[in-house]
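Listed here are the chains, written in short residue letters.
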Amino acid sequence: MSHGYPTPPRAEERRVLGHPVPRIEDRPLVTGHGLYAGDVSFPHQLHMRIVRSAHAHARIVAIDTAAARALPGVVAVWTVDDIADLPPIDFRDPSAEALKPYRQPVLARGRVRYVGDPVAAIFAEDPYIAEDAAELVDIEVAPLPVLMSAQELGEFDDGRATEPTIVRHSFGDIDAAFADAHAIVELDLTIGRHSGVPMETRGAIGRYDAARDVLELHGAAKVPHRNKDTLVRMLGRSPHSLHLFEGHTGGGFGIRGELYPEDVLVLVAALRLGRPVKWIEDRREHLIAANHSRHQHHRVRAAVDPQGRLLGLEDEFFHDQGAYVRTHGARVVGRTMSMLTGPYKVGAYRAVGHFRLTNKTPAATYRAPGRYEGTFVRERLMDAIAARLGIDRIELRRRNLIPGAEMPFTVEFDEPGAEELLLDSGDYPALLDKALTHFKWDEVLAGVQRRRAAGEAVGTGIGLFVEESGRGPADGAKISVDTDGAVEVVTGGASVGQGFATAMAQICAEALGVDYSHIRVVHGRTDRIAYGIGAHAARATVMTGGAVNETAIKLRQKALQYASELLQTPAEMLDIVDGVVRRRGSDAGPSITLSDIAKRVAPGAELLHGREPGLSAEAWFHTDHTVFPYGAQLAVVRVDRDTGQATVERLMIAYDVGRAVNPMMLEGQLVGGSIQGVGGALLEEFTYDQNGEPLAVTFADYLMPTLRDAPAVDVLITEDAPSPRNPLGLKGGGEGGINAVGAVIAGAIDDAIGIPGAVTRLPVTPQRLKELLRRNA
Amino acid sequence: MTEKRDITLTINGRDHAIRVEPRKTLVDAIRDDCGQTGTHIGCEHGVCGACTVILDDVAVRACLMFAVQAQGKRIRTVEGLADGDKLHPLQSAFIKHHGLQCGFCTPGFLMLAANVLERQPDIGDEELLDVLSSNLCRCTGYQNIITAVRAAADDMRRAGAAG
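These protein sequence lines are chains B and D, in that order. Here the first sequence is numbered in this note's numbering, starting from 1 and rising by one per residue. Here the second sequence is numbered in this note's numbering, starting from 778 and rising by one per residue.
Don't read these hints as lab results, they were simulated from the structure. Here the structure is a predicted model, which is why all the values come from computation and not from measurement. Idealized CB from N, CA, C, for every residue including glycine. Treat the hints loosely; a few may be bogus.
[What the hints assert, rightly or not] Straight-line Cα separation of at most 25 Å, SDA-like style, residue types lysine to any residue; simulated pairs:
no. : chain 1 : residue 1 : chain 2 : residue 2
1   : D       : Lys873    : B       : Arg27
2   : D       : Lys781    : B       : Ser41
3   : D       : Lys863    : B       : Ser517
4   : D       : Lys873    : B       : Pro663
5   : D       : Lys850    : D       : Val835
6   : D       : Lys781    : B       : Glu125
7   : D       : Lys873    : B       : Ile24
8   : D       : Lys863    : B       : Pro20
9   : D       : Lys850    : B       : His33
10  : D       : Lys781    : B       : Ala54
11  : D       : Lys781    : B       : Ile129
12  : B       : Lys478    : B       : Asp229
13  : D       : Lys781    : B       : Pro663
14  : D       : Lys873    : B       : Ile717
15  : D       : Lys781    : B       : Pro127
16  : D       : Lys873    : B       : Asp714
[What the hints assert, rightly or not] Pairwise CB distance ranges, derived in the manner of DEER restraints:
no. : chain 1 : residue 1 : chain 2 : residue 2 : range
17  : B       : Asp126    : D       : Ala936    : 43 to 49 Å
18  : B       : Ala67     : D       : Arg796    : 40 to 46 Å
19  : D       : Thr787    : B       : Gln557    : 55 to 61 Å
20  : B       : Ile717    : D       : Pro898    : 33 to 39 Å
Kindly produce the complete structure, drawing on both the sequences and the hints.
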């Protein structure tokens, strides 16, 4: 069980932790000195271009690369025959044996399974030449039947169905729940195919340092250490001879930094061709080759009593994984169903998730994976129950929320191996009240009524949710003070642009007693620290932050001990402020800087008395459990009945993160996530024609919110429920912003057009909304 | 088509003598041939604006031009925005108001905003929002970008009035 750490102090009692201080990473980024993947170059490098399938499903008859090879400047052209010894892209975590045959080969082997499937790789002196050569590769194929719906089953290959696995989660007596129901409410819901689409496309630069026998991958992101582990396995190299390097990352959102075929190719090519190899994805490639996400079809039903209480919840859904199973295995299906009940108490539960393959770009996680989907399903259902029973939608939710007094609250599943949900802390009804008050819900409703009376189609929506963050098992950190007094924090974390360095610097500065703005934070470097998990599932601040805190405390004790000996003062009477050790609460008296202590503990120093030299420390933070932030989102949406355009006028999020490390950055995460959520709710969709041809291959077809689509997002950060599972009370802030936006906008559109349950599918494009209005006219 | 040509690109007041194919885009030349990697490539089809640079006082998308077309013009990129160690008011405002997260779109937004504020220091808010809506950002949700640009515009107007 949890450690049960005491409640940590609030920001007012702290120097820098919890304060909205400026980010330490910004200056190079605003002056053009960032180091994104495209900015990494090595002398004598080659450029890689991938030749991709133009067919959604076909047998490869022949690949003619002669013309491409003959082009001056082309050094090599590879097909699967040139890398036959490489295994397929492996799973990050141990996965079910049943999933293994569905992994993606590094280059297509005998068949292509989606438009964009890598078939050949060109290596040339210049990226323009590589692109010319790619057009000269002739791929002869025999078309195969194309499967475009996850609700249909097909054959993956001989005897293998396009359903690698079915995931099940259940508890309680579901049949009794439905037999006893006062009412049964059923819905058929679809979440469209969309994804993270960071502004920086993917990139990878492979380099082999023959002098040291080290293979390097630059442009890494998100989970460099985990990807290193996978690459070590796949390439059969020793861990010390393969390293990943993360520079700046132009947005992550779950999709960037996963291990893809191109990452493996640049490494193998750097080894075998003896020159650095650089690959930068173009935007069209990104939209058809980087992970897609979401895209589930749910058939959900609830059994309720006369008061609208949830006696039972049953959900069968189909997850459109696309052409292959990528690094996460079936994780998104599992997270969808484990988190589906969210903040509510449900009597009995049965979920069946069909993990299905189709001939589309493979899918994996996108910010709040399984939760954006599940919250849409759950909150649509709550709206439908409220409408059916004639109960106010807020009141209905309130009746079902897990009361604060019942925390911590455990949701256990019957299936062996299904991870239970150990909700650590929270007062969900209290947050709902705060959110309604902050939003001025009653006034907003009255205003909406007035506008409706004047003929406008305007409505409100609400969604409640629980997030998960801070997955373990452990993170380590090393902190050292150099002889100049400068502090370096080495972590196994990763930065995807979220302000990781600043958060770590604040945590270190608070515990150690130094200025946060001059701390160097190292991340995404497998050569600097052997273990790390990186930045996914809103874990970095909780886990890596936990490790930095432990390490900084250890280093502080070390510094105080040395200072005590040097100043002839008991350590407990000393404090460290801005890098200077002096008597607690006093500006006078003897003092010594950390810089001076560092100089006094060099190897051979008299002060050491047999202790290890250097002013540095290393420590770990371990946890068995994740932590659960929670939130409420509310919106006002206006619908133009003539055009079918839905406009989000107001959007608000109330979010409890236990303790915020930097409220400014947290608000940035929540606002940014919210607007991404608007994209998935109204605009963004990877569409295909019936032959599997992708129709969203540019930013003119794949529409992301612009400034004109983005309402001002109102943020209420609460700190009512610090996590008892870590000393700083932290919960993750990265994913909450997006969580309920699809659900909330759908509810508000229903309300605006006066048709309960109208929205059953995201995104609600103008065409779809127009069609809804026409059908219900 | 692939016959290389000798051209000179003048970036932030410095001449770069380079030899490029006529088909090479301006942004590729700025980055790869002139080594100024602060200008980013987000889509290569003129939608996202990450590659925005100022060309003879007009903000342009450097992915939609060929390098040879920029010969003889004054190119300004994000590297030239600060005055030595002194940040441009827009750069300071982006830091202060958390107008960036991953920072990839930032150089494009900075150049777009710098250009419009130079040309129209008293631009109305609606028009300013229209201009800024031409670039994409995936991290911030735009709110803080707007706040930062408005704040910088105020600073620049005040400095202009004082100077």
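Outcome of the hint check:
1. D/Lys873 / B/Arg27: Holds - the C-alpha atoms of B/Arg27 and D/Lys873 are around 11 Å apart, at most 25 Å.
2. D/Lys781 / B/Ser41: 22 Å, holds
3. D/Lys863 / B/Ser517: 18 Å, holds
4. D/Lys873 / B/Pro663: Holds, because 14 Å separates the two Cα atoms, which is no more than 25 Å.
5. D/Lys850 / D/Val835: Between D/Lys850 and D/Val835 the Cα gap is close to 11 Å, so the pair holds against 25 Å.
6. D/Lys781 / B/Glu125: 15 Å, holds
7. D/Lys873 / B/Ile24: Roughly 11 Å between the alpha carbons, so the hint for D/Lys873 and B/Ile24 holds.
8. D/Lys863 / B/Pro20: Holds, because 23 Å separates the two Cα atoms, which is no more than 25 Å.
9. D/Lys850 / B/His33: Distance ~24 Å between D/Lys850 and B/His33 Cα, so the pair holds.
10. D/Lys781 / B/Ala54: 32 Å, violated
11. D/Lys781 / B/Ile129: 13 Å, holds
12. B/Lys478 / B/Asp229: It holds: about 21 Å lies between the C-alpha atoms, which stays within 25 Å.
13. D/Lys781 / B/Pro663: Violated, at roughly 53 Å.
14. D/Lys873 / B/Ile717: Judged against 25 Å, a Cα distance of about 20 Å means the pair holds.
15. D/Lys781 / B/Pro127: It holds: about 15 Å lies between the C-alpha atoms, which stays within 25 Å.
16. D/Lys873 / B/Asp714: 19 Å, holds
17. B/Asp126 / D/Ala936: 43 to 49 Å: Because 45 Å falls inside the window, the suggested range holds.
18. B/Ala67 / D/Arg796: 40 to 46 Å: 27 Å Cβ-Cβ, so the 40 to 46 Å window is violated.
19. D/Thr787 / B/Gln557: 55 to 61 Å: Holds, at about 57 Å.
20. B/Ile717 / D/Pro898: 33 to 39 Å: 36 Å, holds
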